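Asker: So you can see what is in the structure, the chains are spelled out below.
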Amino acid sequence: MTAESATTQPAAARPAIRVEGLGKRFKDLVALDGVDFAVPPGTVFGLLGPNGAGKTTTIRILTTIVRPSAGRAEVLGTDVVARPAAVRRLIGLAGQYAAVDPNLTARENLRLIGRLTQLPRHRRDPRAADLLARFDLAAAADRPVRTYSGGMRRRLDVAAALVPEPPVLFLDEPTTGLDPQSRTALWELIRELVAEGTTVLLTTQYLEEADRLAQRVAVLAEGRVVADDTPHNLKARLGTTVLELGMGEDPRAARAAALLTDRLRQRPERDGALLRLPSPDGSLLLMDVLHALEAERLTPRTIAVRESSLDDVYLALTGHRTDDRAPDPGTTLEGPPS
Amino acid sequence: MTTATPLEQPREQPTVDRLLAPVRDGLAVAGRNLIALRRVPRLLIFSTVQPIVFVLMFRYVFGGVVGAALHGVSYVDYLMPGVFVQVVVFGAVNTAIGLAGDLQTGLMERFRSLPMARSAVLSGRTTADLARNVFVVALMTGVGFLVGFRIHNGVPAFLAGGLLVLAFGFAMSWVFAVVGLAVGDPETATAAAFPVLAPLVFASSAFVPTATMPGWLQVFADHQPVTITAGAVRTLMIGGPLGTQVWQALAWDAGIVAVFAPLGVWLYRRAV
Ligand SMILES: Nc1ncnc2c1ncn2[C@@H]1O[C@H](COP(=O)(O)OP(=O)(O)O)[C@@H](O)[C@H]1O
Ligand SMILES: [Mg+2]
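Chains as they are written, first to last, in the UniProt record's numbering: chain A, 1 to 338; chain B, 1 to 272.
FYI, nobody ran anything at the bench for these hints, they're computed from the structure. Model, not experiment: these values are computed from the prediction. Treat the hints with care, since some could be wrong.
As the list claims (entries may be wrong) - Below, a sample of chain B positions facing chain A; criterion: calculated Cβ distance under 10 Å:
hint : residue
1    : Ala21
2    : Val23
3    : Val29
4    : Phe111
5    : Ala120
6    : Arg270
C-beta: ideal position from N, C-alpha, C; glycine also.
Start from the sequences, fold in the hints, and give me the full structure.
Answerer: Here's what the structure looks like:
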């Protein structure tokens, strides 16, 4: 077994979560195809990917809910397949959908989890009260969860994951469905937990979230890790800036895209009337681009040079965007009237 | 197992031994289910209105016809044990509905990630449904008394009959635990249950003696557990030679649990 490797390594060097060659099939569908990553203790690791990438499946394997079809995974050196019961004592899970009993009150839900995680009786009530206060649920604590808003349920769900003070915390899209204020509050809370030594693996479809919270990000696409790096390096890999040109109308944008491909060997991405060009040096490229376009009287209506986001990284790595949100207007400059 | 313990083990190992964990966790889950039952009383009300209507209908509509064939036993005394059995059989559908609901809300997923006994989610549900049956059977007894049902064979035998009803209900809960986990949503569970339960309850001696049924149906009706349980409960409550019926009924209960409890736990382990 793997006991030797586990005991010969010093604890500090050993990752809190290690995943090697992880595979999962559901009949004909390959949900995970050789996923590898490691999460150092006391850090936040982000699993980033669009719907269907395999994020939830990875979390379910790590939390002993399903078994992998291939590969191995361990939490704090404990194999999830060989010793699931031991793993369950080390983890907290807030799944993708709030998993709380709608007929119980928030307090009763937390007490139940305390009981089921063998928290000593005298600590259950204080722990529940503490978490309810921390998650801003104290006022509603004794109302059935049925009456809660989606955001309140979500917060209770994360609170439930924290009841046994798990050293490793799994959060599957924790801020999906939260209003911006609750989202920021949850981010703050995650930072506090990590400062106290908790290791957090979170999945997200929000690039901003991974960028803000995670020390390391694995980008998952169709069951494979297509990148595993710091948010900083991921951005650097693609160049630090993105040039965005608003061409006004689709046909103009198409003509401009063809022109830039021909003349400047650029491959702009076109999104309606908007062109995007990643570049290691935005402002130099901007001069060339404007010259080339000016010559054909294709002056852009708007011009923006912005920092590349993880969204751009995702596009470069997988060939498609994570979703269809409008690009961040960010530093858009009004283009010259044409 | 020779695997080294993890170097970090910040949370204490449970002190309760492995044999106690299923009971401890099962009771925790049962407590949770009973809170829900108390908080959503319509779950209980709907499941008692229907059998009350049955009692009134059967008592007064069929009473005259069937009564003649009962050799001196009043129809209401014959009917009530059958109603008790019918109530717990149909009530067992709640087990399926509850578990399927937990699957749908994702609660099951959370339970599966917790360091609790694997059997607890199921035993907690069947135990809560047992407690629920105690209430429903007591209520039906009261309704029976109102329409002429009486204790004829002493209180201990009467209570023993009640326990036999509850044991059968508990066994049926395990059947429906399997159904709930297998179908995975409450609506399908309800729809799937009726076609199975109706023949079990109606092609039996629960409401009328099997003697007037066609031969082929009688063979089924005489040997299926609803008839056997209803017969045993009747003997205990009305009186008469006990024979082996009570043991047969208990054997059915034990057999059903022995098959369906492991099957349920197995399904729970792999339900996704
Ligand atoms: N229980 C299951 N049965 C069949 N297919 C599944 C099951 N769970 C997930 N999948 C499939 O596996 C793929 C990955 O799903 P998932 O891990 O939920 O992705 P994500 O969480 O990144 O959206 C998807 O194509 C999904 O449809
Ligand atoms: Mg998911």
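Asker: Interface hint check: Ala120(B), Cβ to nearest Cβ on chain A, cutoff 10 Å. Holds or violated?
Answerer: Constraint on Ala120(B) satisfied, holds at 8 Å.
Asker: With 10 Å as the cut and Cβ atoms as the points, is Val23(B) at the interface with chain A?
Answerer: This interface hint is violated because 13 Å lies over the 10 Å limit.
Asker: So, as I understand it, the hint says Val29(B) touches chain A; can you test that by seeing if any CB pair is closer than 10 Å?
Answerer: holds (8 Å)
Asker: Against chain A, run the beta carbon of Phe111(B) and see if the smallest gap drops under 10 Å.
Answerer: For Phe111(B), the interface hint holds, since the closest Cβ of chain A sits about 7 Å away, which is under 10 Å.
Asker: Please verify that hint: Arg270(B), Cβ, nearest Cβ of chain A, below 10 Å or not.
Answerer: holds (8 Å)
Asker: Hint check: is the beta carbon of Ala21(B) less than 10 Å from a beta carbon of chain A?
Answerer: It holds, given that the least Cβ distance between Ala21(B) and chain A is near 9 Å, below 10 Å.
Comparing the model with each numbered hint stated earlier shows that hint 2 is the single one that does not hold.
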